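Protein chains: 2
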Amino acid sequence: MSITRESIAQAYQAIQDEITKGLTALDGKSTFVEELWNREGGGGGRTRIIQDGNILEKGGVNFSAVHGQLPEVIKKSFGVDDDQFFATGVSIVIHPNNPWVPIIHMNIRYFELNEEVRWFGGGIDLTPHYVQEEDAQFFHQQLKDVCDQHQPNFYNDFKTWADNYFFIKHRQETRGIGGVFYDKLTPEKTGLSFEEIFNFSCDLGRSFVGIYTELVNRNRERAFGEREKNWQLLRRGRYVEFNLVYDSGTRFGLETNGRIESILMSLPAQANWAYDFKPEANSLEEKTLSLLKKDINWIK
Amino acid sequence: MSITRESIAQAYQAIQDEITKGLTALDGKSTFVEELWNREGGGGGRTRIIQDGNILEKGGVNFSAVHGQLPEVIKKSFGVDDDQFFATGVSIVIHPNNPWVPIIHMNIRYFELNEEVRWFGGGIDLTPHYVQEEDAQFFHQQLKDVCDQHQPNFYNDFKTWADNYFFIKHRQETRGIGGVFYDKLTPEKTGLSFEEIFNFSCDLGRSFVGIYTELVNRNRERAFGEREKNWQLLRRGRYVEFNLVYDSGTRFGLETNGRIESILMSLPAQANWAYDFKPEANSLEEKTLSLLKKDINWIK
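Protein sequence lines, in the order shown, are assigned to chains A and B.
Each residue of the first sequence is one higher than the one before, counting from 1 in the working numbering.
Each residue of the second sequence is one higher than the one before, counting from 1001 in the working numbering.
Calculated from the structure, these hints are not laboratory results.
BS3-like, lysine-lysine: derived pairs with alpha carbons at most 30 Å apart:
(1) B:Lys1169 to A:Lys75
(2) B:Lys1169 to A:Lys184
(3) A:Lys169 to B:Lys1169
(4) A:Lys229 to B:Lys1278
(5) B:Lys1076 to A:Lys76
(6) A:Lys29 to B:Lys1229
(7) A:Lys169 to A:Lys287
(8) A:Lys169 to B:Lys1184
(9) A:Lys287 to A:Lys144
(10) B:Lys1075 to A:Lys76
(11) B:Lys1169 to B:Lys1229
(12) A:Lys21 to B:Lys1278
(13) A:Lys169 to B:Lys1076
(14) B:Lys1075 to A:Lys169
(15) B:Lys1076 to A:Lys75
(16) A:Lys184 to B:Lys1076
(17) B:Lys1229 to B:Lys1294
(18) B:Lys1300 to B:Lys1287
(19) B:Lys1278 to A:Lys29
(20) A:Lys300 to A:Lys144
(21) A:Lys75 to B:Lys1075
(22) A:Lys294 to A:Lys169
(23) A:Lys189 to A:Lys169
(24) B:Lys1076 to B:Lys1169
(25) A:Lys76 to B:Lys1184
(26) B:Lys1075 to B:Lys1189
(27) A:Lys278 to B:Lys1029
(28) A:Lys189 to A:Lys75
(29) A:Lys229 to B:Lys1029
(30) A:Lys278 to B:Lys1229
(31) B:Lys1229 to A:Lys229
(32) B:Lys1169 to B:Lys1293
(33) B:Lys1169 to A:Lys76
(34) B:Lys1021 to A:Lys278
(35) B:Lys1144 to B:Lys1287
(36) B:Lys1293 to B:Lys1229
(37) A:Lys300 to A:Lys287
Which bits of chain A does chain B cover? Going by a derived footprint, with three or more residues having C-beta under 8 Å, they are:
(38) 236 to 248
(39) 270 to 283
All figures in this text were calculated on a predicted structure; none of them were measured in a lab.
C-beta atoms are modelled at their ideal positions from N, C-alpha and C, and glycine is treated no differently.
Build out the structure end to end from the sequences listed, making use of the hints.
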């Protein structure tokens, strides 16, 4: 393989830089606070957190590159005896203050086991507090454009994967309108070389700023009141439920003694719960719930 | 066994009645809204929710008595082939609005498998936003008094059990100041008859109103400002983390298609997260953190 773990980590770091720069410009008020950390077993990361922005209420753009002995619990879940791993990636979650602006999540990651087994994983998904079909169409079209440059099946396959992954089983609703999600991509599975898969993951990472900037600018000036705020906080409650109950990255981090504050940067500044809340008939809130389903074809 | 599932369910229902009555009187403003529900596979429950009270911001006092085929996932975790179960219990979580008043949780439950295997489980634990040693002492003394009437080892054993159970591993802190927790109690394990274990669980249930009334009345008139409110909301974030990540009752319910709104009544009306929040040196907040540890002997 012509690409090395170092070159991948370096490229991902550059993507972190590009994204924090882009989001800082987008917000116009708050800046990212950086924290550098080292992992006891090897490697470390750059956690970058933004809080109380003009539009970005709370979020993180984190990079890490860690290596060492694979924790016992993961060896078991992977079914392997090998125990030297390397992992690098960029993880983003952004919670905006304006309920008309969607929550966004992105992750690109690379994993190596004993310098033999290698794969890429990642995805981008969108969680609008109010689903707006034209925004959903734009979002999915952008992701499809990135995918189509690399492999004709990627968008459909990874869109389905996202629908299934970002699903709150106990609520029987999707977290949002999905996006793309993929894991353990190898040349065998994709027909692409490692370098080509790597390039795909970089293109996905580099699409982030453009996509989110457009979605923020479309909605940031829209007025909202107590009703919309309340709904946003309830939807954030669902986001918390997904992340703490199902998200494998979060649970993996909690079980393996990861850096807790970096992992839980995905949680919002505030989330609410109300007993058995039912939106009014024919409201935008009800419409949103009706669209939190798998297998919606957002690109008309 | 002279006690039947019917007599246990009836006694637990009476305890639910007594507690909702006591808490309604304590609050003085809001009342419980009752929802009766049936379980598809057999049985049902009475969910009682209070919201927006004088002092009880959000909480539930739920009773259920369900039976039928044991779900596959539980058969596996129990390591049994038997598949007819009966379960009844009362579950309570109360989130007060005043940060000086503690969050409280209680559960008493009885489980039967094929009319052969039987056990009792339950507990009460307290989560003060600000740990106050005199309240902690009162709380633990009350629990010890109930335990001591039944078995000399109960308090020590169940206090240790609670310390270990109500532990937020990824934060390396206890949820609160613990209390008592027990599970799968049988005559073999306790030296008591089923009827005596049952009587213990009822006494624990009946101690609830007196204990919480005292703790509420000690603190309900204490003034608080933005600082205390903010701290309360962050502590509630930890409560959400515990319940969604670790609490076995919650995870059991989510995995077995339980009644979601009844299960998640344990979540607060509002919870906050802030990146890497550190309390001021020598503050009451810092003192509280220093007391969220196992093996503190609260009864001096």
